[in-house]
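Number of protein chains: 2
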Amino acid sequence: MEDNHINMQSHSCDPDRPAHPGIFPTREAGKSDHQPGGSSVDFPVSVVLPAGGTGERTGLQTPKQFCSFLGRPLISYTIQAFERVSWIQSIVVVVAKENMDLMTDIVQRFQHKKVRAVPGGSTRHRSICNGVRALGDAEEERPKVVIIHDAVRPFVDEDLLYKIAMAAEEQGCSESDFEFGTECLHLALQYCGTTAKLIQGPPTLWKVTYKRDLAAAESIIKETLSRSACVITGGSEQAVTLADALQKAVGALDMELDVIPDLMGENAGYLLKEWNFIQVSVNRSCLSEVEAVLKDLEAANRALLHPLVVIWVHLSGSDELSVSGRGVEPAAIMDLASAAKLRNILLYGIQLRQTKDTERWERSVLRVAEITSALIRERSPALVGQLLQA
Amino acid sequence: MEDNHINMQSHSCDPDRPAHPGIFPTREAGKSDHQPGGSSVDFPVSVVLPAGGTGERTGLQTPKQFCSFLGRPLISYTIQAFERVSWIQSIVVVVAKENMDLMTDIVQRFQHKKVRAVPGGSTRHRSICNGVRALGDAEEERPKVVIIHDAVRPFVDEDLLYKIAMAAEEQGCSESDFEFGTECLHLALQYCGTTAKLIQGPPTLWKVTYKRDLAAAESIIKETLSRSACVITGGSEQAVTLADALQKAVGALDMELDVIPDLMGENAGYLLKEWNFIQVSVNRSCLSEVEAVLKDLEAANRALLHPLVVIWVHLSGSDELSVSGRGVEPAAIMDLASAAKLRNILLYGIQLRQTKDTERWERSVLRVAEITSALIRERSPALVGQLLQA
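Taken in order, these protein sequences are the chains called P and E.
First residue of the first sequence? That's 1 in this note's numbering, and the numbers climb one at a time after it.
First residue of the second sequence? That's 1 in this note's numbering, and the numbers climb one at a time after it.
Extracted from the complex, chain P is given alone in its bound form:
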């Protein structure tokens, strides 16, 4: 085999700003429109993910690559980070024999397309070798570059992969390119007959090792999903006024809002790139609007990889609440939310009352902003269907 191996490790001490685990805006599922410098890799590249670890150091029963955040195991995040790169043709995950069924189930459940699982060997090195050999067996075009990447380093970004693939292809990776000879690379050379190069990765490539790293990884993913939201106003003047006020208030909480009248035409693009939606409703029988948003999101098949958040903000007339107590039957939104939760969409409700008392109105808007920000950041499944008061 003449594959070029790239083995990425993180040694650097720079700030670890969170990478974007598969949340680049995509126009088509599985394809990325994010090509660094507009260029593309035009030779076949494959990836081997050794994932045979037993998770001893986390102190948990589940090996860390199979630990879940936001309902999805770590290994699936790592796979997704590679799968969304259009020019990566195939990914081989090497797992312990006893985890083959689990891995196959994960691949099916999260609809990973470019992935095959193969059983590992008795050592990490043999496992990597098995993975590389499996690439040779496949029907697809033989890769020119093979990237070997720790399965428990989920935060890989496309720019780095692009640079690595280009460097590997251009330089050819002779043996003299070894920077830090690791056992792993030498064994790859010795037993697989391939050449290898060790390249320094950024600190975002850090390895999930301890239990505290699982918490850190979850927090990075949550932060990444919580930077922005899309507010749908329906176009009414009252709703637009509220949305504009919310936009300012949420800005102070480090979140950006895009305000749009509906999800039609060009705005349909938000369905494919946004993880959080806020539907503002002004009239009373208005769960229909939020039902429509849920339907659109389901049609776009967007909630597979990350839970989506939909917040229904109900602005009632100043006398409406006092007449009926709540305005909207809590059971209705709870039922809708319970159904949506099964499809990985988290629906919450917030009610506020129209008032001409400016101070009171501003306090309400600020509370909507704070509640919205907290719901989006925490993505708590236990609180879906609640109708919160602002």
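Do not take every clue at face value.
Pairs count within a copy or across copies, as identical chains cannot be separated in the list.
With a straight-line cut-off of 20 angstroms between C-alpha atoms, the simulated EDC-like cross-links for lysine to aspartate or glutamate are [what the hints assert, rightly or not]:
1. 163 - 296
2. 222 - 378
3. 341 - 370
Since the hints were derived computationally from the structure, they do not count as laboratory data.
All values derive from a computational prediction rather than experimental measurement.
Guided by the hints, dock chain E onto chain P, whose structure is given.
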């Protein structure tokens, strides 16, 4: 000076089970009743915390020792970990000159008693030296052992400190005790004329270095505060039945509940050791019960160092809600919660309806358990005062 220096560093690779940052049950504020093996240290011990870092590697504007979790800066957690140890007589925090005011404010705000801030020198080594010298100036008894500890390693437990203090006192710490000579230790010896010993710490002593470590530290603290809660039933049969069902349901979510009728007599001890309280109320005009709990907690001055969670669970008769819409006026609990929040007590409400339909009842109880667990784990200030439906 003849002080014995202990410099703790974490090099180990064991699982990092969270330590307990100052949440040992205490009978008197500032004193710990947790004496390993029942023994105590009977010689003067002091601590120097170098905290002059500028936080470059976190990528944040605020130096990491001043970053806040749950409303309190990291340095205060580290101070607290030492302060709660009865036999530690004084703590000197060494900070950059420009942060002296900030540090003084932190010491006052969180009522740290044994702490003095001194300005650092031009290097870390000079700063440590300043800290040690400041101990010599003080009026209190001259320490026999000085522990030098990184301010950004908040998770120190008393057992380790006890062992270290005893080892330092018994062995005398001659120069030959150096295990890993670090520049820091040699400089301490050279310029301060003291002897030093480097002791390996557990991985829980890990250093908060990157932004992701801040998230990990917050998650460890939240987990530590969320292991148990105290349910106050008032003694009524319906409330006790609900509390027992909750106890089982919450057990499946890795949380333990103690069920008590009230906070009188021996049960008053819970006010001093528990971070989470659930008040079950069966009648309608029942905010008075939760008001009493809030008063007791304020009197015990418990919410200074960690936010307390109080959840009011309102069990209404099967026909009560349908008559009045909600049973309890939402504005009343919101007002109570807003006032409590100013004192670092987070109050939430959960309503459920009595029913003879067993399946429905069990679903409601499970939902109360899930909501309770989520509220306690997340400790979200934005959601206080909400009346959630189970």
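Right, here's what the structure says about each hint:
1. For the homomeric pair residue 163 and residue 296, neither the shortest alpha-carbon distance inside one copy (37 angstroms) nor that between copies (62 angstroms) is at most 20 angstroms.
2. With identical chains, the CA atoms of residue 222 and residue 378 are at most 20 angstroms apart both within one copy (7 angstroms) and between copies (13 angstroms).
3. With identical chains, the CA atoms of residue 341 and residue 370 are at most 20 angstroms apart between copies only, with a shortest distance of 14 angstroms across copies and 23 angstroms within one.
Hint compliance for this structure: hint 1 is the single one not met.
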